[in-house]
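Q: One letter stands for each residue in the lines below.
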Amino acid sequence: MNDPTVNIRAPKHRRLRRATKRVAVAFVGITTALVLACVGIGAAWLAGVHVPLASGATYLRVEKLVPLSAADRVTGGLNSPFFILLVGNDSRPGVGGARGDALHVLGVNPAMHRATMIDIPRDTCWAGDKINVGNTRGPRTQANDVGGLLGVPIAYVVDVDFAGFTGLVDGVGGVDVNVPTQMHDVYSGAFFSPGKIHMSGDRALAFSRDRHDFPTSDIVRTHNQGLLILDAMRQLRSQMQNAPGEFKLLALLGRHAQLDGIGIKDLYRLGRIAFSLNPDQIQNITIPYTGGSCLGLGAGAGGLFADFRDDAVVESPH
Amino acid sequence: MPHSSRSFGACIAALGLVVALTACSGGKKHTTAQSVTSTTKPKVLGVKTSVLRVGAVDIQSAGPVKQIDTKTGKAVLNRAQEYINRAVFSPLKNGKIGKNFGALFDAGAKATAIGPDKAALTELSVGKVANLTTKATPVHLSALEGSFGETIYLATDFDLDIRGTTSAGTLRIARHVELTFAKSGTTWLVTAYRVQAVRKSKAGTTTTTATGGKKP
Chain F
744 MNDPTVNIRA PKHRRLRRAT KRVAVAFVGI TTALVLACVG IGAAWLAGVH VPLASGATYL
804 RVEKLVPLSA ADRVTGGLNS PFFILLVGND SRPGVGGARG DALHVLGVNP AMHRATMIDI
864 PRDTCWAGDK INVGNTRGPR TQANDVGGLL GVPIAYVVDV DFAGFTGLVD GVGGVDVNVP
924 TQMHDVYSGA FFSPGKIHMS GDRALAFSRD RHDFPTSDIV RTHNQGLLIL DAMRQLRSQM
984 QNAPGEFKLL ALLGRHAQLD GIGIKDLYRL GRIAFSLNPD QIQNITIPYT GGSCLGLGAG
1044 AGGLFADFRD DAVVESPH
Chain V
124 MPHSSRSFGA CIAALGLVVA LTACSGGKKH TTAQSVTSTT KPKVLGVKTS VLRVGAVDIQ
184 SAGPVKQIDT KTGKAVLNRA QEYINRAVFS PLKNGKIGKN FGALFDAGAK ATAIGPDKAA
244 LTELSVGKVA NLTTKATPVH LSALEGSFGE TIYLATDFDL DIRGTTSAGT LRIARHVELT
304 FAKSGTTWLV TAYRVQAVRK SKAGTTTTTA TGGKKP
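Here the protein sequences come in this chain order: F and V. Note that the working numbering gives residue 996 to position 253 of the first sequence, counting from 1, and the numbers run on in steps of one. Note that the working numbering gives residue 251 to position 128 of the second sequence, counting from 1, and the numbers run on in steps of one.
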């Protein structure tokens, strides 16, 4: 007599069919998961999102915005004047947004072996808002805004946040900065006497953030950031006097830079150009401004931009 | 479909999405930096030419460090030898630059190499020399590798000490040669260079230098 409480085993062929079904479902599930993962990564890559293939921490992002001119494609080099936007954004733990708080445009004329740096205060008005807001929508938008302000096409944008900046400076062994004035600012942690000081990443960050020491606040800070960039160029130039020195820096960038539309070969080419320039001959110019919380362009701004625009070099002293 | 199987399938699909989203999120940021630089002399790279032989090897990598294989090392060293044959020895022996001198350079370097830098890159200005002797320092080989350990650039760095006799007397040439090579198709071509030649004779000392390719 059959007892309903006894678990009757299904026939062997049924058990086999169930097992086959489970394996099939698992196979379909895993395949779907892999396909979704690949599609996600592929879509992210196509959308320009960084796919984590870099071997080290990400210190900075370098993006190429315009293609090389036809002439440069033939010669394999950059012969025409071009403009690089350097952005220091304020993104750090506890602070989101990534506003472009340090904005500097380096105009380079390879044929003339000359360059000019234009410093743009973060509070400069653009399109009804402060210009630094553009970076919250990405470096490309920031580049479009700054390019629009100056009237120049930005070819490359380099974007770095607080942690990336300190990591980068430490990565090259620190930087010698010529501190122009006494600094004693508890907010940024900048405590420096005038003169040449070798700075670690943290100290260089404090130097470039100090605005409370100056009556014109961010204006002087912006100019000081430009000085720091030129000091860093001076130092890196001395380290790139031979191939091993060049390769060391490129490997560092390759490990720690998120590259969009640009490869290590492009960085090599740009580096060869940038470090052929004598930083002592690069003018560091803060744009003329008028007061207010959202700064307007001051007298002479139009002339300065036109001078910068024609060949990436400002001829008249500022 | 049994309930458990449906749940299992859904879990796997969800896992896939998580993997995909994690990948899209940009991955690790600002973690501890790692150093992958090495200075090594691989055993496999005991290559030499008639004048040059590899000394120290320095590898800088944006990813995993891979040793330079013998084939690549030999190819680049042969190219450096071809350069000194055509640019240095040929003018000193025959009074003219060796054939296909320009073919040693890629498009970005060629224009200046056969143009304004020709005088510094070659010994054409010296002309024929008798009793020619040459000594070379071991070649310092430097490599730049990409994110996957692929070789992007290889640079050869060496000094040449050349002695000979001209109608004006003895001549001594000290040459420092740094050639950076990039692969073009199946061959390695000079993409950048830094050279200096100091020529000493009874007439005096002249120095020529050139830095070119890939701008400046």
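One or more of the hints may lead you astray.
List of simulated lysine to aspartate or glutamate pairs, DMTMM-like, C-alpha gap at most 25 Å [stated by the list, open to error]:
#1 F:K991 <-> V:D192
#2 F:K1008 <-> V:D192
#3 F:K1008 <-> V:D284
#4 F:K807 <-> V:E273
#5 F:K991 <-> V:D284
#6 V:K306 <-> F:D1050
#7 F:K764 <-> V:D181
#8 V:K189 <-> F:D833
#9 V:K306 <-> F:E1058
#10 F:K1008 <-> V:E273
Which residues of chain F face chain V? A partial, calculated answer using Cβ under 7 Å [as the list claims (entries may be wrong)]:
#11 F990
#12 K991
#13 G997
#14 I1007
It is worth saying that the hints were derived from the structure and are not from the lab. Heads up, the beta-carbon is just placed ideally off N, CA and C, and yes, glycines get one too.
Q: With reference to the structure, classify each hint as holding or not holding.
A: The hints, checked one at a time:
no. : hint               : result
1   : F:K991 <-> V:D192  : 20 Å, holds
2   : F:K1008 <-> V:D192 : 21 Å, holds
3   : F:K1008 <-> V:D284 : 33 Å, violated
4   : F:K807 <-> V:E273  : 22 Å, holds
5   : F:K991 <-> V:D284  : 29 Å, violated
6   : V:K306 <-> F:D1050 : 40 Å, violated
7   : F:K764 <-> V:D181  : 57 Å, violated
8   : V:K189 <-> F:D833  : 37 Å, violated
9   : V:K306 <-> F:E1058 : 40 Å, violated
10  : F:K1008 <-> V:E273 : 13 Å, holds
11  : F990               : 4 Å, holds
12  : K991               : 5 Å, holds
13  : G997               : 2 Å, holds
14  : I1007              : 6 Å, holds
Of the hints listed earlier, those the structure fails to meet are numbers 3, 5, 6, 7, 8 and 9, in rising order.
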